[in-house]
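Asks: Read off the chains here:
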Amino acid sequence: MNRATIAILLAVVLLPFVVRPVIAAEIWLFAIFGLGLNLLLGYTGLLSFGQSTFFGSAAYVAGWLLKHYAINVFFALGIGIGVGALSALLVGYLCVQRSGLYFIMLTFALNQLFFFIAYQWTSVTGGEDGMPGVPRPAFLGLDFKDPMLYYAFVSVLKKKSLWVMKRIVESPLGRILQAIRENEVRAEAVGYNVARFKLLAFVIGGAFSGLAGVLYAMLFGIVPLEAIGFVTSGNVVFATLIGGSGSLYGPIIGSFVFIWLSESMSVVWVRWPLLLGVAFVIVVLFFRGGVVEAWSRLGDKVRLWQSSRQKA
Amino acid sequence: MLYALMGLGLSLITGILNIPNFAHGALFAIGAYLLVTTVGVIGNFWVSLLLAPLGVALLGLIIEYAGIRRLYAAGHDYQLLFTFGLALILSEGIIVVWGPVGFSHLPPQILRGGVDLGFTFYPKYRLFVMVAAGLLILATWLFLEKTRYGAIMRAGIENKEMVSLLGIDIHKLFTVAFALGAYLAGIAGALTAPIRGVNPNMGVDMLGIAFVVVALGGLGNLLGAIAAGLLIGVAQAVVAAYWTEASTAVIFAVMALVLLVRPQGLFGIR
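Order-wise, the sequence lines are chains A and B. Take the first sequence: its letters are residues 1 to 312, numbered as in my numbering. Take the second sequence: its letters are residues 313 to 582, numbered as in my numbering.
One or more hints might be untrue.
Sample of chain B residues facing chain A (criterion: CB under 8 Å; computed from the structure) [stated by the list, open to error]:
| # | residue |
| --- | --- |
| 1 | GLY379 |
| 2 | PHE394 |
| 3 | LEU400 |
| 4 | GLY405 |
| 5 | PHE564 |
So these bits of chain A aren't anywhere near chain B, every CB distance computed over 12 Å [what the hints assert, rightly or not]:
| # | residue |
| --- | --- |
| 6 | GLY126 |
| 7 | TRP163 |
| 8 | SER264 |
Just the calculated beta-carbon pair ranges, DEER-fashion [as the list claims (entries may be wrong)]:
| # | chain 1 | residue 1 | chain 2 | residue 2 | range |
| --- | --- | --- | --- | --- | --- |
| 9 | A | ASP143 | B | ALA552 | 43 to 53 Å |
| 10 | A | ILE6 | B | ALA552 | 53 to 63 Å |
| 11 | A | VAL156 | B | ILE480 | 58 to 68 Å |
Since the hints were derived computationally from the structure, they do not count as laboratory data. Built from N, CA and C at the ideal position, the CB exists for glycine as well.
From just these sequences and the hints, can you work out the full model?
Replies: In C-alpha cells:
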C-alpha cells in the first residue's frame with residue numbers, strides 16, 4: 001500500500017465524524033463525478049462543459065425506475081452507468097466533430113438541450129420542482145436508509161471507481177488518450193483514430209457521471225432540476241481543476257474542497273452562488289494549478305524560509 | 313434578429329480573444345435590467361436605450377482589463393472557469409439588486425400597439441426591434457469592413473502574432489473587442505426587455521442560444537453569425553407556432569442536425 005492509498009482510507013474513515021455523513025457521501029459521489037471528467041479534461045485534453053447531461057439523465061432515469069418499479073439498488077446503479085454512457089455516446093458523437101472552443105460550446109449547448117427537455121417534461125421530471133420520492137431500497141438486509149451505512153456504500157463505490165480509473169489510465173488506452181492530449185495531429189499520424197478514442201473517453205466519463213448521478217438521487221431522495229443544469233457542469237470542472245487535473249487523485253481532493261466550500265457558504269448566505277463565483281475568480285486569478293500545486297508551492301516557501309534561517 | 317446580434321457580439325469576443333465567454337448571457341441580462349432601471353429613473357426610453365448598453369460596455373471594459381487580460385496564456389479551462397464564475401456573480405448579483413422575481417416592462421408610448429402590414433398585423437415595437445437590430449448589425453459590419461480599426465480587428469481574428477508584430481497594441485485591441493461585444497450583448501438585452509420582460513434566468517437561456525449561433529456561424533465569422541442567428545430565430549418561431557413547449561429545444565436540435573450534415577458549421581472555415 002502506498003501513501004496515497006493510506007491517506008484515502010484514513011480520509012474515508014475519519015470524514016463522517018468531521019462532517020455530517022450526508023455531506024461526506026456527497027463528497028465521495030462528487031469525486032466519482034470528477035473522476036469521469038478528469039479522464040476527459042486531464043488525460044485526453046477535452047474540456048467538457050456538459051457533464052451534468054450524463055449525471056442528470058442517469059439520475060432521472062434510475063430515479064424514475066427506483067420510484068415506480070422499486071428496482072434493486074445494484075440494478076439502479078447499472079441503469080445509471082448505462083444511461084450515462086449512452087447519453088455520452090450521443091452527445092460525444094456530435095461534439096468530437098469539432099475541437100477547441102467549438103467543442104466546449106457544443107458540450108454546453110447540448111447540456112442546455114437536455115436541461116430544457118427535463119424542464120418541460122414535467123409529468124416525469126417534475127420540471128422546476130424536481131422529481132421527489134426516490135427511495136433508497138434495502139439490499140440483502142442492509143438498510144441503506146441508515147446514513148452511515150449509505151456513506152460506507154458510497155465510499156466503497158468510490159474506492160472501486162478509483163481503482164477502475166487507475167486501471168484505465170495506466171492501460172494502453174489511457175496512454176493513447178494522453179498521446180492525443182499531448183499532440184493530436186501526431187496521434188492521428190501514428191495511426192490512431194483520434195475521433196473514436198475521444199468518443200470512447202467520453203463514454204467512459206459519461207458512465208462514471210451516471211454512477212455518480214444515481215448515487216446523488218438516492219442520497220437526497222430527489223432529483224432537482226439543477227442536477228442537469230449547467231451550473232453542475234461548471235462545478236465539476238471547478239472541483240477537478242482545483243484538485244489539479246491530470247493527476248489521478250486531483251478530483252478527489254477537489255470535490256472535498258468544493259463540497260466543503262459550498263456547504264459552508266450556503267450556511268452563510270442564501271445567495272451563496274455569488275460567493276462561489278467569487279471563489280472561482282480568485283482561484284483562477286491567484287491559485288491556478290489547484291490545491292496540489294498550491295500545497296507544494298507552500299512547501300517550497302517553508303523550506304526556503306527554513307534554509308534561510310539555518311544560514312543566518 | 314436579436315439572436316444574430318448576440319451571436320455577433322459573442323463571435324467577436326471568442327474570435328478575437330480566443331476565449332469561451334460564459335458571461336455573455338449575464339451581460340445580456342444586465343443590459344435588460346439596466347434599461348428597466350434607467351427608464352424608471354430618467355423616464356425617457358430613448359436616452360435609456362443609449363445609456364444601458366454603454367453601461368454594459370463599461371462593465372465589459374472593466375472585466376477585460378481587470379481579469380481576462382491576465383488569462384490569455386492560461387488555457388481554456390481556466391478562462392472558462394473565470395467567465396463562468398463571473399456569470400454566477402453577475403446573475404446572482406441581479407437577484408441581490410433587483411430581486412428573484414422578474415417583471416414586465418412596457419415599450420414607450422409611441423411604439424405600443426400594432427401596424428397593419430397588409431398581410432398580417434404586427435406589433436409596432438417588434439418591428440422597431442427588427443429595424444434597430446438590423447441597423448446595429450449593419451453599423452457593426454460597416455465598422456469592421458470599412459474602417460481602419462475594423463480592418464485591424466479582422467486581422468486580429470486571422471493572425472494575432474502578425475498584428476502585434478506590425479506594431480499594433482494587441483491588448484488595446486482585445487479590450488476594445490470585448491467592450492464592443494459586451495455592448496452588442498447589452499443592447500440586445502435592452503431591446504428585449506419590453507418584449508419579454510426581465511427575469512434572472514434570461515441570461516442563461518440566451519447564452520445557450522448565442523453559443524449555438526456561434527457554433528453554426530463559425531468563430532469570428534460575422535456574416536455566419538448573422539445568418540445562423542436568423543436561421544435559429546426563424547426555426548424557433550415556426551416551431552413555437554405549432555408546439556410551444558419544444559421551441560427552445562428545437563434550437564439545439566437544429567444545431568445537432570446542421571453539425572451532422574456539415575460538421576464544419578454553416579460557413580465553416582476553421
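Asks: Confirm or reject each hint.
Replies: Tested hints:
no.	hint	verdict
1	GLY379	holds, 7 Å
2	PHE394	holds, 4 Å
3	LEU400	holds, 3 Å
4	GLY405	holds, 6 Å
5	PHE564	holds, 3 Å
6	GLY126	holds, 15 Å
7	TRP163	holds, 26 Å
8	SER264	holds, 17 Å
9	A:ASP143 / B:ALA552: 43 to 53 Å	holds, 49 Å
10	A:ILE6 / B:ALA552: 53 to 63 Å	holds, 59 Å
11	A:VAL156 / B:ILE480: 58 to 68 Å	holds, 59 Å
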